[in-house]
Amino acid sequence: MMRLVEPLIPSLRRYARALLHDRSAADDLVQDCLERVIGRWHQRRDGGDARKWVFAILHNLAMDQLRRARPRGGDVPLDAVDDAALAVRGSQEDGLHYGDVLRALEQLPEEQRSVLLLVSVEDMTYEEAAKVLDIPTGTVTSRLSRAREKLLRIMRGAVTVDPRSNAPEATGRAVLRRVK
4 MMRLVEPLIP
14 SLRRYARALL
24 HDRSAADDLV
34 QDCLERVIGR
44 WHQRRDGGDA
54 RKWVFAILHN
64 LAMDQLRRAR
74 PRGGDVPLDA
84 VDDAALAVRG
94 SQEDGLHYGD
104 VLRALEQLPE
114 EQRSVLLLVS
124 VEDMTYEEAA
134 KVLDIPTGTV
144 TSRLSRAREK
154 LLRIMRGAVT
164 VDPRSNAPEA
174 TGRAVLRRVK
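Numbering (our numbering), first residue to last: 4 to 183.
By construction, these hints were calculated from the structure, which means they are not laboratory data. All figures in this text were calculated on a predicted structure; none of them were measured in a lab. Even glycine gets a Cβ: it sits at the ideal position worked out from N, Cα and C. Errors might be hidden in some of the hints.
Unchecked claim - Heads up, simulated DMTMM-like pairs for lysine to aspartate or glutamate below, C-alpha to C-alpha not over 25 Å straight-line:
{"no.": "1", "residue 1": "153", "residue 2": "131"}
{"no.": "2", "residue 1": "55", "residue 2": "67"}
{"no.": "3", "residue 1": "153", "residue 2": "97"}
{"no.": "4", "residue 1": "153", "residue 2": "125"}
{"no.": "5", "residue 1": "55", "residue 2": "38"}
{"no.": "6", "residue 1": "153", "residue 2": "67"}
{"no.": "7", "residue 1": "153", "residue 2": "137"}
{"no.": "8", "residue 1": "55", "residue 2": "86"}
{"no.": "9", "residue 1": "134", "residue 2": "113"}
{"no.": "10", "residue 1": "134", "residue 2": "152"}
{"no.": "11", "residue 1": "134", "residue 2": "114"}
{"no.": "12", "residue 1": "55", "residue 2": "31"}
{"no.": "13", "residue 1": "153", "residue 2": "126"}
{"no.": "14", "residue 1": "153", "residue 2": "113"}
{"no.": "15", "residue 1": "153", "residue 2": "130"}
{"no.": "16", "residue 1": "55", "residue 2": "103"}
{"no.": "17", "residue 1": "153", "residue 2": "85"}
{"no.": "18", "residue 1": "55", "residue 2": "78"}
{"no.": "19", "residue 1": "153", "residue 2": "114"}
{"no.": "20", "residue 1": "153", "residue 2": "109"}
Claimed, not checked - Computed spacing ranges between beta-carbons, pair by pair:
{"no.": "21", "residue 1": "34", "residue 2": "137", "range": "41 to 47 Å"}
{"no.": "22", "residue 1": "97", "residue 2": "68", "range": "32 to 38 Å"}
{"no.": "23", "residue 1": "102", "residue 2": "138", "range": "29 to 35 Å"}
Full structure from sequences and hints, please.
As structure tokens, then:
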């Protein structure tokens with residue numbers, strides 16, 4: 004048993020530290036794991052991979068420890084809770100809105116989409132985006148302005164894109180067509 008388990012200890016410690024992010028707790032976890040391995044050595048399958056078995060024990064102990072460490076809410080009588088605290092905001096519309104935004108982004112010209120993503124999503128400054136795209140900072144500013152404006156019009160349904168030409172066509176209250 005010692006010949007098989009002892010070489011695993013450094014790897015077990017690394018894995019435990021990665022799971023728990025605390026050196027002391029990880030060392031305790033490895034100790035608990037080794038105690039369990041020694042105490043249950045007779046339960047392991049003959050000819051089975053000892054490394055997998057020992058790591059499975061460590062992993063299960065870590066997951067149990069993390070589950071126990073999660074904060075739990077206290078017990079409160081239902082009558083004592085404000086109705087507003089029980090209300091949960093629906094999130095279905097968020098997913099639909101996210102999909103609409105992605106489809107609208109697809110409709111922007113590449114140069115506008117790139118600037119918009121770098122500045123708004125990647126949180127780059129105008130100067131950083133200009134360096135990435137190898138364009139003047141003023142061009143970033145104007146492309147970003149046009150991209151935001153067009154994205155807003157698309158989201159409001161004022162612009163659709165013809166899938167064949169990828170050219171915008173203004174309509175009163177058009178429904179967005181999916182561009183694939």
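How the hints compare with the structure:
no. : hint                    : result
1   : 153 <-> 131             : holds (23 Å)
2   : 55 <-> 67               : holds (18 Å)
3   : 153 <-> 97              : holds (21 Å)
4   : 153 <-> 125             : holds (20 Å)
5   : 55 <-> 38               : holds (16 Å)
6   : 153 <-> 67              : violated (51 Å)
7   : 153 <-> 137             : holds (23 Å)
8   : 55 <-> 86               : violated (50 Å)
9   : 134 <-> 113             : holds (17 Å)
10  : 134 <-> 152             : holds (23 Å)
11  : 134 <-> 114             : holds (14 Å)
12  : 55 <-> 31               : holds (20 Å)
13  : 153 <-> 126             : holds (20 Å)
14  : 153 <-> 113             : holds (13 Å)
15  : 153 <-> 130             : holds (22 Å)
16  : 55 <-> 103              : violated (46 Å)
17  : 153 <-> 85              : violated (44 Å)
18  : 55 <-> 78               : violated (40 Å)
19  : 153 <-> 114             : holds (13 Å)
20  : 153 <-> 109             : holds (12 Å)
21  : 34 <-> 137: 41 to 47 Å  : violated (56 Å)
22  : 97 <-> 68: 32 to 38 Å   : holds (33 Å)
23  : 102 <-> 138: 29 to 35 Å : holds (30 Å)
In summary, the structure is inconsistent with hints 6, 8, 16, 17, 18, 21 from the numbered list given earlier, while agreeing with the others.
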